[in-house]
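Build the complex from these two chains, which are given one at a time in their own frames, with help from the hints.
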Amino acid sequence: MNNSTIWHRLAAIDSRILYLALLVMVAVPLLRPIGLPLVILDEVRDTLALIASFPEGSVVWLASEVAATNAAELRPMITAFARYLVMQNHRIIIGGFWTDGCNLARIWLDPIFEEMGAVYGVNYVNLGYRPSSTSVLDECRKDIINAYSDRDIAGRKLSEMPVMAGVTKASDIDYLVCMSPGTPGTSTYISAWRATGEVDVIIDCPTSGMYTTAGNNYQAGITKGLVGGLNGSAQVEQLIGYPGKAIRGMDAQGTGHFAILLYLIIGNIGYYQIRRMDREAKEHAGG
Amino acid sequence: MRRTVPLILSFTAGILMILDSYFKIPIINNFATDYLMRSISVSVAWAAGLGSLNLIRLHIRHISSKRQNYQFSYVLIGVWLFMLTCGIFLQGNTANPFYQFFYSNIQVNLSAAVYSLASFYLASSCYRAFRARSVESTVLLVSAAIVMIGSVPVGAAIWSGFPAIQGWLLKIVNDSVIRGWSIGLTLGGLSQSVRNLVGIERGHLQAGE
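First to last, the sequence lines map onto chains W and F.
Going by the numbering used here, the first sequence opens with residue 1, and the numbers climb by one from there.
Going by the numbering used here, the second sequence opens with residue 1, and the numbers climb by one from there.
Looking at chain F on its own, in the form it has when it is part of the complex (with noise of 0.2 Å):
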């Protein structure tokens, strides 16, 4: 019954969706919209509110328990709380101007400036990792080394070819592995699709088990 359920649940929501793609019979294209699509949105929203009690379960358990650095999980439930406070009492919610302040000059900020420090370990990998140990690294490393150059100003102010080189090996070269993987991944897709449709791949139903 645990398992049944869910299968005859996603294979008639699967078949709908598989009909409102292809035909236009208002019934069905009606029926998943209205109801098929927007339990999307609200499973999105459920997810979103279990992760947050989710996040904020974890920290109580490592204050609770005294683990390493559990300091930092009074901040992260303290903030939580705050902008989560001002996010829902305050007057125009987001849009207020106290909420704005903290998002934009906190939020915004050190988000760009830790994302900003992967350029550092990317520079320092590249010198320690990326080696011409074979042919193909060797081919790998100037390829990336043309396009890396070629995309900038001072690569083309070094020699007017890089540019052009770059451009092929993006648009010839790339381009036709892109395609290449991404027809082989559609086609993965579609299989595993149809595969859980049918009840072939049940993997997903065996939680708790």
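The shape of chain W in the complex, shown without the other chains (with noise of 0.2 Å):
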């Protein structure tokens, strides 16, 4: 049996050349965007409707769970969110229970709202790091600045924030924004908060991977708005001007994407002729 026939090459690529080639397809649409136009869903334009139906000073809480390694994903995301807050002119609180939740936050979006002229305290909080979600989100329901001993991320007093000024309690909170690359996320609310009446309006917005168990909740009605992964953050960035790291990733994404399809076709075109091969060999043999 001949084991060096093209399709037994093409069965047996390099692994250095296939990431090379995947380097290449994801690291040229970055450096030279090509632009392709996105499809809007009609579940992201309705998020967003849905948001700004609220009243100027609406109390947001934007929960920040996210994570450096979903940071690709999350953190257009979060920033195309954080903008469109500000733009409604709604109170954000930022809470969160992934241990660099908050403090990536911090990191991402202090410069953002420092450019769109919101101030600390003022337009938005910072509530920063607790441990356990569930008995943290529980105590929230009685009292949240108690739950979070009158301090925010830097020690500084909740109680005497003029964003805090009416919300003692979750059901104080009129929407919620959530990140979701896991658990603690959206599951984590709606069992806190969702479920016991204190939060009624719930906006999902889970990674890719999560994006596929986040629509059962959304046709279900359990959450309100859904945008998911990187292409939901996208296409944010576009319905509200400011096109930003999620239009140009999804180019990158897209190309990976492709990249990954040539390779699951080239992989079973190779294997489906060897397979003829060697069973037009056994024939052979036995006839």
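Simulated from the structure, these hints should not be mistaken for lab results.
Quantities reported herein were computed from a predicted structural model and do not represent experimental measurements.
Ideal Cβ positions, reconstructed from N, Cα and C, are used throughout, including at glycine.
Check each hint, because a few of them may be wrong.
What the hints assert, rightly or not - Straight-line C-alpha distance at most 25 Å; calculated PhoX-like pairs for lysine-lysine: (1) W:K245 / W:K282; (2) W:K169 / W:K157; (3) W:K157 / W:K142; (4) W:K142 / F:K171; (5) W:K169 / F:K24; (6) W:K224 / F:K171; (7) W:K169 / W:K224.
As the list claims (entries may be wrong) - Residues on chain F that point at chain W, a partial pick, calculated with CB under 10 Å: (8) P6; (9) H62; (10) S65; (11) Q71; (12) Q107; (13) A145; (14) S151; (15) V152; (16) I165; (17) G188.
To be verified - Across the chosen pairs, the derived CB separations fall in these ranges: (18) W:D278 / F:R179: 21 to 29 Å; (19) W:D278 / F:Q68: 36 to 44 Å; (20) W:A27 / F:Q68: 29 to 37 Å; (21) F:H204 / W:Y272: 45 to 53 Å; (22) F:L58 / W:I265: 44 to 52 Å; (23) W:M87 / F:H204: 45 to 53 Å; (24) F:H204 / W:T183: 17 to 25 Å; (25) W:D110 / F:M83: 30 to 38 Å; (26) W:L20 / F:D34: 31 to 39 Å; (27) W:Y272 / F:G87: 21 to 29 Å; (28) F:T186 / W:L20: 44 to 52 Å.
And the structure:
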């Protein structure tokens, strides 16, 4: 049996060649964006319309459940939403139960808030990380200030901040926007605040991986908005008129997906042909 | 005794939490929030400390027995001590610019880089392992390919039907399956909780025996 046919070579390409090809296919559109048009989903359009339906001064809990590992998808997402929430003049309370979540929000969002003229303590506040989402969220049902020991991420008094005026418990929050790479994430807030009737409107912003399960809650009406993955972030960026990293990243994601699809096809062509040749060889040997 | 006391404690705590969820009884609601729920925060904080100490103990053992690549254990312990010291003793703690510099320029970037490497392994494994060996695997392969290509602009540019088929696969086929298994998962979790609560399941009490 000849093992050096084109089909054998096709089915056994060196991993380093595959890595290099993928790197080139992802890097080129990042350096020279193609600018393919986005398909805007109804769910993204509806989500932004829902946020716009809340009056100025509404209180939004921006759940920064992010980490460096999902920054590629959720950084553009939380950035686009932060911009949009400031544009709506809503009061933003940033909380999070991933250890890096609130710190990353500070690094990523503070320059954006500053650029858009939002004032810390007046238009937004960052509560900082607290261990155990279940107990903190449960305590917030009674007293948010107490649950956070009356201190924000930098140790300043929450009770003296105008942004917290009239916000004493979870039911004072008008709606929630949750970045969700897993648990803690949207499901945590659903159990803690949605199921208990504290917050009715939850907008789910999962990673692409979590998007496959998030659709279920959205379809059932448990979450009222859904924007998923880098694709969703790019759509938000386009709709609010602030093209950023997500739109640039979509070209690279597209060519990356295309590369993986090519690998699938090439690998399967090689596999199919080798299997056919093996079968024929056996028939010849037997006949 | 070693089993009975934890069983009584977990049964009492469980019943109180169930009552707290379904009834408005101020004395139980307050007890559940002020003591039981807060004890979770305390446990989590202890677990973080315990985990750190355990990690350091493990790496000290690596160094003392000079296991393979033990030099990296020095790096881990050194970095752990450095960040811990900065976070606790510098003015402003983790908000201190010195701490933030190391955090945002090293930890964040390294974490993102390591995670990004997974995409290369994923691409390689797709090529090597994702084979149309049977009807089922062919259906899976075709669905995966359509969802993948339909979720990016290049898919719509190739054929406008890709996003529509991808949407149908996700919203109809996928959501139905997810709903089915999530209901099953919840029922399973519920029955497991009842078994733990009433003491039928005692595996978690057998540590050290």
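For each hint, the structure was consulted:
Of the pairs offered as hints, the one joining W:K245 and W:K282 is violated, with about 55 Å between alpha carbons and a cut-off of 25 Å exceeded. Only pairs whose Cα atoms come within 25 Å are accepted, and W:K169 paired with W:K157 is accepted, the gap being roughly 16 Å. With a C-alpha separation of about 18 Å, the suggested pairing of W:K157 with W:K142 holds against the 25 Å cut-off. For a cut-off of 25 Å, the pair hint linking W:K142 to F:K171 is broken: about 37 Å separates their Cα positions.
Taking the CA atoms of W:K169 and F:K24, the gap is about 17 Å. The hint holds against a cut of 25 Å. At roughly 16 Å between alpha-carbon atoms, W:K224 and F:K171 fall within 25 Å of each other, so this suggested pair holds. A threshold of 25 Å between alpha carbons decides the hint, and for W:K169 with W:K224 the separation of about 21 Å falls inside it, so the pair holds. Proximity of F:P6 to chain W is violated relative to the hint, the smallest CB-CB distance being about 20 Å (cut-off 10 Å).
For F:H62, the shortest C-beta to C-beta distance to chain W is roughly 25 Å, which exceeds 10 Å, and the interface hint is violated. Of the supplied interface hints, the one on F:S65 is violated, with its beta-carbon coming no nearer than about 31 Å to a beta-carbon of chain W, more than 10 Å. The interface hint given for F:Q71 is broken, as the beta carbon of that residue sits about 25 Å from the closest beta carbon of chain W, more than 10 Å. This hint holds: F:Q107 has a C-beta 7 Å from the nearest C-beta of chain W, less than the 10 Å allowed.
Given hint, F:A145 at the interface with chain W, holds; its Cβ is 6 Å from that chain's nearest Cβ, closer than 10 Å. Because the closest C-beta pair between F:S151 and chain W is about 6 Å apart, less than 10 Å, the hint holds. Proximity of F:V152 to chain W holds as hinted, the smallest CB-CB distance being about 4 Å (cut-off 10 Å). A distance limit of 10 Å between C-beta atoms decides the matter here; for F:I165 the minimum to chain W is near 13 Å, and the interface restraint is violated.
For F:G188, the interface hint is violated, since its Cβ never comes within 10 Å of a Cβ in chain W; the closest pair sits about 16 Å apart. Between W:D278 and F:R179 the Cβ separation comes to about 42 Å, which falls outside the hinted range of 21 to 29 Å. At roughly 41 Å, the beta carbons of W:D278 and F:Q68 sit within the given window of 36 to 44 Å. For the hinted restraint 29 to 37 Å between W:A27 and F:Q68, the CB-CB distance of approximately 35 Å keeps it satisfied.
Between F:H204 and W:Y272 the CB atoms are about 50 Å apart, so this pair conforms to the stated range of 45 to 53 Å. For the pair F:L58 and W:I265, the beta carbons lie near 45 Å from each other, so the given range of 44 to 52 Å is met. Checked against the given bound of 45 to 53 Å, the beta carbons of W:M87 and F:H204, roughly 50 Å apart, stay inside it. With their beta carbons about 20 Å apart, F:H204 and W:T183 fall inside the hinted range of 17 to 25 Å.
Between W:D110 and F:M83 the CB atoms are about 21 Å apart, so this pair departs from the stated range of 30 to 38 Å. Between W:L20 and F:D34 the C-beta distance comes to about 59 Å, which lies outside the given range of 31 to 39 Å. Here the CB-CB span from W:Y272 to F:G87 is close to 56 Å, at odds with the stated 21 to 29 Å. The hinted window of 44 to 52 Å between F:T186 and W:L20 holds, with their beta carbons roughly 45 Å apart.
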